[in-house]
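Position chain B relative to chain A; hints supplied.
These protein sequences, in sequence, are chains A and B.
Just so we're aligned, residue 5 is where the first sequence starts under this note's numbering, counting upward by one.
Just so we're aligned, residue 5 is where the second sequence starts under this note's numbering, counting upward by one.
Among the clues, some could well be false.
Note that identical chains are pooled: a pair holds if it fits in a single copy or bridges any two copies.
[What the hints assert, rightly or not] Distance condition first, Cα-Cα at most 25 angstroms in a straight line; then the derived SDA-like pairs of lysine to any residue:
| id | residue 1 | residue 2 |
| --- | --- | --- |
| 1 | LYS217 | ILE144 |
| 2 | LYS87 | LYS111 |
| 3 | LYS26 | SER88 |
| 4 | LYS128 | ARG221 |
| 5 | LYS26 | ASN48 |
| 6 | LYS128 | GLU93 |
| 7 | LYS128 | ARG91 |
| 8 | LYS186 | GLU46 |
| 9 | LYS134 | SER218 |
| 10 | LYS26 | LYS87 |
Rather than coming from a laboratory, the hints here were simulated on the basis of the structure.
Number of protein chains: 2
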Amino acid sequence: MPLFFQENSKAPTITLSSDESKHLIRVLRQKTGDEVQVTDGEGNLFHCKISNPDPKKTELAVISTEVIEPDNFEIHLAISPTKSPDRMEWMVEKITEIGFSKLYLMKSQHSERSFLKTERLEKKVISACKQSKQYRKPSIESDWNFQDLIKSSDFEGFQKFIAYVDENHQNHLFDVALPGNKYLILIGPEGDFDPSEIEDAFEQGFAPVSLGKSRLRTETAGLAAVQMLQVVNR
Amino acid sequence: MPLFFQENSKAPTITLSSDESKHLIRVLRQKTGDEVQVTDGEGNLFHCKISNPDPKKTELAVISTEVIEPDNFEIHLAISPTKSPDRMEWMVEKITEIGFSKLYLMKSQHSERSFLKTERLEKKVISACKQSKQYRKPSIESDWNFQDLIKSSDFEGFQKFIAYVDENHQNHLFDVALPGNKYLILIGPEGDFDPSEIEDAFEQGFAPVSLGKSRLRTETAGLAAVQMLQVVNR
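So that you can see chain A by itself, here it is in the shape it has in the complex (with noise of 0.2 angstroms):
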């Protein structure tokens, strides 16, 4: 059954964005009384009839509500943008199947983009909830840079990791993630970290980790970081 997603869902009605009824009425062709559900990205799935098939603002009515349960750790990911668009685009799409909880786009040293719109990158991650059944949005958050980010209050009780390319460092992030928490990891621009910035961190309590022999672009780092997050916690 196709899964929809619409923010700020409640019982006993559920009004679709246009594009979502468009998707739903034009695209796959159903009809009243057929059954859809519906995500608010905020763990509530909602199992709906379709009681008015407009295809610009189509109402569904709820049949019942399902709360999903919040996973007991949470992945958070703080990168540097990559030049190319594209290759941030589907890093969010990849990490929102395999599952994350919030994404900070940083300004570093050497940063070789210092900004990057969010809206596309929003539009990959609700298509990528539908697609692999998340009932939980993850966030997105621009503009940060990374000393603020580093100094930042918001992580206090959290595993605080910075990956970069060094090959002599040896812990492993799988290996020193523990199961059940709440992870921050820092991932560097395409030049990597400024030393100062490594050194910064580490006075910010964050613990240098590898993510294996590889040399990783700045993108497959961030994705191979939540897979074995995933891992961690299978």
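Below, chain B alone, put in the same frame as chain A:
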């Protein structure tokens, strides 16, 4: 130092292809006497000096040759190509960065595409090898069909797995893969394997595995599998 790729390289002189020559001389503007590294994709790393900087066929003098030992494990992935060739291309780029041995493109009952040109995939492999300093080029075979592949004697002594969408099977790939092995893992098409194919694979000694709680797209599943097997062998 930049890494270049040239098949069949041998000391004392390496002649780069026109693409590689152009990149070295026109793009990177290297000159006679500058040092470069070349791999033949078969585990040999050549440290060279430019002896003749011709943008069509640059000649290099080999100073020393290093043989990079192969890993003690091999990751073989058999996958039904996705409808969009882009998705296969990025998967190939990413699994090359992370590290794998061989990819088999196979036709199964619900394949959306029975054939995919491998030229573009080969290019992705080579550029990802150069990017991530992989000295052994993974290979790609097209035109397999599912039944021939599962019955092939090429995989004797391998740990053989089949991943498909089923929330009930409990063996996580990470927990059943033993370090230091050769692995073959089958990933189904977007419409998944047919139940009869899954039965046939069981008969040929394939074990069902889960890649985690999420429903992953075909290409994400391929990448997740390779990543997990790398972590098993960290």
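Okay, the hints, checked on the actual structure:
1. LYS217 with ILE144: between (29 angstroms within a copy, 22 angstroms between copies)
2. LYS87 with LYS111: within (12 angstroms within a copy, 36 angstroms between copies)
3. LYS26 with SER88: Intra 31 angstroms, inter 23 angstroms, cutoff 25 angstroms: inter-copy only.
4. LYS128 with ARG221: Answer is both: 20 angstroms inside a copy and 14 angstroms across each meet the 25 angstroms cutoff.
5. LYS26 with ASN48: This pair counts as within: shortest intra-copy Cα distance 22 angstroms, inter-copy 56 angstroms.
6. LYS128 with GLU93: both (7 angstroms within a copy, 19 angstroms between copies)
7. LYS128 with ARG91: For LYS128 and ARG91, both the intra-copy (12 angstroms) and inter-copy (14 angstroms) Cα distances are at most 25 angstroms.
8. LYS186 with GLU46: Answer is within; shortest intra-copy Cα gap is 18 angstroms, inter-copy 42 angstroms.
9. LYS134 with SER218: This pair counts as between: shortest inter-copy Cα distance 12 angstroms, intra-copy 32 angstroms.
10. LYS26 with LYS87: between (34 angstroms within a copy, 23 angstroms between copies)
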